[in-house]
Amino acid sequence: MGLLESRNLTKEFGGLTAVDRVTFDLRQGEILGLIGPNGAGKTTIFNMITGIYAPTDGEVFFREQRIAHPELTWGQRLTSPTWWMSWIPAPAVQKRWNEFRKLRPHEITERGIARTFQTIRLFDNLTVLENAMSGPHHRTTAGVAGAVFRPPSQQQEEHYIVEEARENLAFMGLEEYKDELAKNLPYGHQRRLEIARALATDPTLTILDEPAAGLNEQESIELMALIEDIRDSGITVLLIEHDMKVVMGICERIIVLDYGKKIAEGTPAEIQSNPRVIEAYLGEEEGEEV
Amino acid sequence: MRNLLSRFRSTNPLYWQGALLVLAILAPLPLGDYYRSVLWRTGLYAMLGLSLNIIVGYAGLFQLGHAAFYGVGAYTAGMLNIYFNIPLLLTLPLSVVVAALLGYLLTRPILHLRGDYLCIVTIAFGEVVRLVLVNNIFGITGGANGLSGIDRPVLFGLTLREPIYHYYIVVIFLIVTIFATQRLQESRLGRAWKYVREDEVAAEAMGIDTTRVKLLAFVLGSGWAGLAGALYAGKITVISPDQAKFMESVILFCIVVLGGTGSIPGAFVGTLGMVTLPELSRPLKAWRDGWLGLAMVTMMIARPEGLWPSRHFRREIRSEQEAPDPSLAVTGRSG
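Residue numbers (numbering that gives the first Met the number 0), protein chains in the order written: chain D, 0 to 289; chain F, 0 to 334.
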């Protein structure tokens, strides 16, 4: 089995089928590209994997555990023993319950999937370091008492959070900006900070939503090298991208979506010569279009 | 001015903190009982402001029903004292627990609401609590007249009757509040609140349990307001549903916003403006209420960040005025 598996993933918004029975596997340690024209449903797939939307149909498995499935109806809930037993804190019950309910985005992150956003969503008015410090949050525990009394354990934890954040900033080449406000960074650095912040959650899989959007040539090339570094550090990468140079340059495999359907899958060379892909991108006339 | 301020800030904080503490201790001594009561009220509302600051300032959640928890704290202390003869000082922890519990129960179902919608619901909840008190639920709240005859707190056999004792009690709790909120702000939890305030979707994607974090802000803020309520009951000995009325919530909200959202000194400045000044200008009678509106409008135009904004806000404003490095001055964003 792959690291991440999508089975017949479908999402309907009212009458519009944004994603239509998409099935794909993501193997450990690869860079998989997800491409397609605007509105092909790429970001919708990301949002279903990361728990923002529940799929209308289909499932997603991550490390052989189900992380996304259709939202249950009240009929299904009320007739399910798992739903009735969900309050019991026994591990066996909770394990079943976790597969039964919809996971919330932070729980997906805890399981090892980190993401960036297509439109940059940094914590604008916090410093670069504070942004990156959000990553280790879910791996640390200090609460109210820890905050007020500051026992040694809490201080160690704070130290750990700062170190982790710095390491990831250094990895993305942002350490010298650590005391700047995130919103004052140049655009390209903001993109990098988003990735640094995602990496600070210590993920197994990173999902990058158009990381090269708005970058110039030079910045794109640097970004490609960074993404390969991420892969080499043992993190699997799923990438949505419009910039063909980036996609063709670093992805080992590519999946092409058009109108929510998967139309092709293969290596960059295969994709480039695939007639259906060319048609989708170049819009081959079929007579009905004016 | 900025130079002076930064030099002031770079001196050992213990000096000016100690000076402020001495001032707080000495301030009531030359004053009469009325002015001592005014000082007491200032301290109490600063405490309430700081408790609301956790919710509004740190976590960025609207709460326009905060006075309800203040009222509930006062009623908890009052009822425990009247019906069970529990000494007032022992009711303090229970007031915190009851107010915090109510904060949990009322806000748990509405946490998914954002911005204005949350604001509307908190107003409604605040009013519900007040009406429950007015309608003498289970015949224990004394209806519109409230409860009277609450015992004064007794400490080491000394009945605390004089306003000055109450003032000092409030000062002690105020120090605890400042200490705790300051540390909370700089902790892992405080940062989680900042993340939620800045961008909830991104915070969630970073693995922060936003529901839990927001709930904690409400529970802590409500519980602390409950403590302030119990302290009020101990001094005034008469409590009424008026304490939970909407106008009180508005005043508390103004303390936080006018003083400077998220700022601890701001809560004090806000209290001086919203509570102390109107109290001292009693001779102006009805004109006093005009002050509230005028202050709000003036502030929103002239100084929207508050009178004494937090470091966070100040940094934000400074960075807009003078970008430290020309290469970093690009703030444009596309896409």
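Certain hints may be false.
Said to hold, decoys possible - Example chain D residues on the side facing chain F (calculated, C-beta under 8 Å, incomplete):
1) T49
2) E70
3) L128
4) A146
5) P150
6) Q154
7) D242
8) M243
Unchecked claim - With the C-beta cut set under 7 Å, the calculated list includes, among others, these residues of chain D facing chain F:
9) N7
10) P104
11) E109
12) H137
13) A141
14) T203
As the list claims (entries may be wrong) - Restraint ranges, calculated between C-beta atoms of paired labels, are given here:
15) E221/D / R302/F: 39 to 49 Å
16) L20/F / F12/D: 42 to 52 Å
17) R149/D / L20/F: 52 to 62 Å
18) L88/F / Q93/D: 51 to 61 Å
19) L104/F / A89/D: 36 to 46 Å
20) F83/F / W86/D: 31 to 41 Å
21) H158/D / L130/F: 49 to 59 Å
These are calculated hints, taken from the structure and not from any lab test.
Computed from a predicted model, the values in this text were never measured in an experiment.
Just so you know, even glycine gets a beta-carbon here, dropped at the ideal spot from N, CA and C.
Evaluated hints:
| no. | hint | in the structure |
| --- | --- | --- |
| 1 | T49 | 6 Å, holds |
| 2 | E70 | 15 Å, violated |
| 3 | L128 | 11 Å, violated |
| 4 | A146 | 3 Å, holds |
| 5 | P150 | 12 Å, violated |
| 6 | Q154 | 11 Å, violated |
| 7 | D242 | 12 Å, violated |
| 8 | M243 | 17 Å, violated |
| 9 | N7 | 25 Å, violated |
| 10 | P104 | 4 Å, holds |
| 11 | E109 | 5 Å, holds |
| 12 | H137 | 3 Å, holds |
| 13 | A141 | 5 Å, holds |
| 14 | T203 | 13 Å, violated |
| 15 | E221/D / R302/F: 39 to 49 Å | 42 Å, holds |
| 16 | L20/F / F12/D: 42 to 52 Å | 60 Å, violated |
| 17 | R149/D / L20/F: 52 to 62 Å | 21 Å, violated |
| 18 | L88/F / Q93/D: 51 to 61 Å | 42 Å, violated |
| 19 | L104/F / A89/D: 36 to 46 Å | 26 Å, violated |
| 20 | F83/F / W86/D: 31 to 41 Å | 33 Å, holds |
| 21 | H158/D / L130/F: 49 to 59 Å | 50 Å, holds |
Consistency note: the structure conflicts with the earlier hints numbered 2, 3, 5, 6, 7, 8, 9, 14, 16, 17, 18 and 19.
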